[in-house]
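Chains as they are written, first to last, in this note's numbering: chain C, 1 to 746; chain P, 747 to 1017; chain Y, 1018 to 1160.
These aren't lab readings, by the way, just hints derived from the structure by calculation. By construction, the Cβ of each residue, glycine as well, lies at the ideal position given by its N, Cα and C atoms. Hints should not be assumed to be uniformly reliable.
Unchecked claim - Partial selection, computed: residues in chain P whose CB lies under 10 Å from chain C:
no., residue
1, 864
2, 867
3, 948
4, 949
5, 956
6, 1000
Claimed, not checked - If you want the ones that stay clear, here's a sample from chain C, every Cβ over 10 Å from chain P, calculated:
no., residue
7, 15
8, 162
9, 205
10, 421
11, 454
12, 584
13, 587
14, 588
15, 653
16, 673
17, 740
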Amino acid sequence: MARLIRTEKEVEGRFEEVWLVVEEDPLSQWPAGPRDVVGRAATRKDALERVRGEARFTADIRLPGMLHAAVLRSPYAHARAARVDLAPALALPGVRAAIGPDDAPGLETEAGYVGAPVAAVAAETDAQARAGAAAIAVEWEQLEIVVDPEEAVERGLLHGEPERYERGDFDDAVAHADVVVEGTYTTSVVLHNALETHQSVCEWVGDRLDVYTSTQYVWGVREEVAKGLGIAPDKVRVVCEYMGGGFGAKNSAGEFTFAAAVLARATGRPVRCALTRREENVAAGNRNGTIQKLTAAARSDGTIVALGGEFINALGWDGWSASTEGPMKMLYACDNVRTVRSTAKINTPPMKAFRAPGFVEGTFGLECIVDELAKKLDLDPLEMRRKNDATSNDGTPYSSKNLAECYARAEKHWERRHEVRARSDARWKRGVGMASQVWYGGGGPPSYAWTRVGSDGRIVVVTAMQDIGTGTRTAMAQIAAEELGVPLDRVEVALGDTARGPYATLSAGSSTTPSVGPAVRAAAADAKRQIVEIAAQRYDLEERVLDIRDATIVSADGNLSVDLTEFLSMLGNAQILGKGARGPNPTGMSVLTFGVQVVEVAVDVETGEVRVERVAAIHDVGRIINPLGAESQVEGGIIQGIGHTLSEQRLLDPETGRVLTTTLDAYRVPTIADVPEIVCEFVDEPDAHLTNLGSKGLGEPPIVPIAAAIGNAIRDATGADVHGLPITREEMLRALKERRGAPAAV
Amino acid sequence: MELLRPSSLDELDGGVFVAGGTEVVPLLRDGILQTTSLVDLRAIVPRGVRDGRIGAGTTLAELESAQVPDALREACRLAASPQLRRMGTVGGNLLQSTRCWYWRLRYPCRLHGGDRCHAAEGEHREHAIFANDFCVSAHPSDVAAALLALDARLHTSRRNLPLAALYRLPDEADRRTTTLEPGEAILEIEVPPAEASVYLKAMDRRRWSFPQVGVAAARTGARTRIAFAGVAPIPWLLDGETVDAATPLPRTAWKVDVARALLRRALAELG
Amino acid sequence: MKLVVNGEEHVVEVPVETSLAEVLRDELGLTGTKVACNEGHCGACTVQVDGMPVLSCITLAHTVSGRVTTIEGLRDHPLVAAFVRADAVQCGFCTPGQVVSAAALVAASPEPTVDEIRHAMAGNICRCGTYPKIEEAILHWRD
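Given only the sequences and the hints, what does the whole structure look like? Please build it.
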């Protein structure tokens, strides 16, 4: 029965109170451990077409008569377009239409950063469109720019009021602590740089709009576009069958989609609007920088008694302020915590979610200062973490937590530190560091799936989710195959089209598998129930004695054994349709993911080069559906995190606020040559309280602790405290000099 | 734009020269280079290595495994990306432009004929530590540093000259960084034998990075020549001075430490 | 101009400015070759010319005289199955370029070492971080 509930919904660590219609989730979980299909390594359902270059990405959509659109962007970090004259653009060869501020959502008169969208042009070719955009005459009134976040905070240039949190009595606890450590940590802006840039192709068919777009959320785009254009959501169809990476930056429609839709309506032709790599790096979002002034206090036995942080999120002109203080509130059983987070509104490009926003930044500061505290107390960092492991989430019990097991499994990696250090020489100093991770990843309702069983015994899972490269398509197929008792190759998954399946949640916030997976299982169970019902009638047996195993309908006494395909062949063109919905999350419980990473580094103390040599990652995300795909997620998160930690930095011209590192030679993401040995382990214990699967998400957890673990390994190797990301040679050499100049550690 | 494919030197007459295209094509697209005729030099510029002479059309990938001094081979091996090394020629590599982001983004800086060095006043953490009073851009050629240390000579379509004479520091009167005349093409590079040579490079990735600091050293008899990449607006020969002569900017002091450490190692490796 | 792609000769008329990638994708419909940076920095557009991996986004089509091989010409290469087996694909946008580079590598060095793979594949950026699996796929490409 459908049930209406009022509940707190979490996406990317953001909560809101919503009304939700949920359906009961009557299926009991499978026992822990590998099953016939679930829990066993599977290669991707869509690997072949992706590897062979046959998968059609938005970038490959070519519709007949398609025009190309280009966006005019602000050359100033803060300015108002007093007058916008589109006529010079319209006069150019090939230009078919031009729109200005307020003609489409996202195009605005006030530009708050260099690259803010102002106007757009559609033309026969991309080059003509770009020439057209450049020809638009804009009379700019320049306004004052502020790009320094601390200056913005001082002057009260903020997004919203500062967020404050306190439990216990922080001041008193610090005053009575045996040891207090204070430090300022900074994290810099990093860019998503998914290889497929943000782009859409829009085509009107009568009063209906088809949107092909590179997105993490087809339904979100549908809703936004309908609202933005003032049309009914059912008039908008959003398609994204294959997509070239998002990492959080592609959760919304964007000006390129609106511009393409409006220009398509104006010209009566399909229009594509694709960002260039350089546009991508100025206007498509980023992980905001942070400044974290932290305090950690402990008793001499290692009990953390107080944690405090003054955080600045250097948000830029737009975006949302992620919970940088989250790890400080959640990771340790500390009675006295005080945090305040100010969100600077500066004239820099907008923040967008980037793989565990807030927690990546906050974990760097917290997990570094906890190690500094351990060092001051001469305590083993692993013991320090075990001793202070939180037992509830600020009073709310966990639906499941196996961080202690992660620590137990980390021991063998942590033990290597003596041998690793011993391999140091005059030039290369080696050391080992660790950091822990807490993050969300439970997903939630609503999400729906259908299953369609044909007379050929094949099953199609239909759900309008998207696979952004994480392998969720394969995980869904595994879940359906497991429930229906068929091999994986009998199952296909149709996704990525709002007109071809029911609602499914976004591919972000480590929420896809835990949100859609249970709905797929329910839909498969519904189809299986129907097959058993008709088999019972056909063979005159009771339903309760029938089952499907290995694509065979069998009876409990073993007398009946009928091939599923043979049985279903009588259906002809009739089909069996199953439907399923995601049930509610457990009430009164915190659904969280946990993990720990142990990192080995080598530091060239003369040139400041840092090499990550080995990473052991142990994560607790409930049941693992596909160990092979899960391993790929962990490796990918770690490698991206190594980039954030060592080589990636987005630089701005302080005078003009313009992004200087817009190209991939200047903004340096890791290559294959930068990859360390990565060892990956999962606790793989289903969360008994979470859905019919007990699975949590894994897209984000692996990127959360890596920076701090590297920083702590550097301290272990050299004694130097690195406090700023990225740890460039400049920062490393600074920290080494500081270390040499400082009195010997006590 | 037209594409010309001359088959002899006599046919060279203006236009922008292109061989591998890895530098020229992006600069044309950005409008930093402008021309109505593009001249494909590949039919007239020699390619390959013979008797200590390297055809300017030889690719970096070819030099990576050629019988050339160690410093040059290593500079090629550590340069750019595999695909760029397959495309890019050694002659073109010597003529590449700075990676200074202000210059690449077409700020009206001194190198573009303007009256300010935006990097000196702004973001310059990867910029020059030598000869940086007028323009703080850093020259990115690994290969040039190696060839400078090896005391290479160039044979162009018009003259022979030591490699060091190819480069000039930009100044108020003339913003160019090379002495190559319009219509003049590098044809061959003559590399005298060295008893030992080495190239060491600091990057922020293990591969596919322009040099933060590159140091080349070559020893012949009692004489050792040292040259740097990434430390000055042109490839920098350390000529009678030491690294202590560096004049770093506030955010490039770290490069002096790196240069000093790499130089010490290079000299130790030379023996 | 004439262009031999995957063994087939094509005649196309395009301006001098046109890149090989544009010709392949827009004129010949060979969209397996991806363009991700369009300035030679990421390797997604890698194709082979006479067996050598080059960046089609910064190669002017008119300057190409050799035989071009794209991912469409390598669809039955054993590397494809190796990539699938090893899970050496996440979003898949860089993957065709990875396969093209890897095919040139194993043609020159049929049993490449890890160091050779890392040296030869460093020009193909994968933002998803599929690298460990790519390395594995190339190490075991003939299995």
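Checklist entry - For this structure, which hints from the list above don't hold up? => result 15, 16
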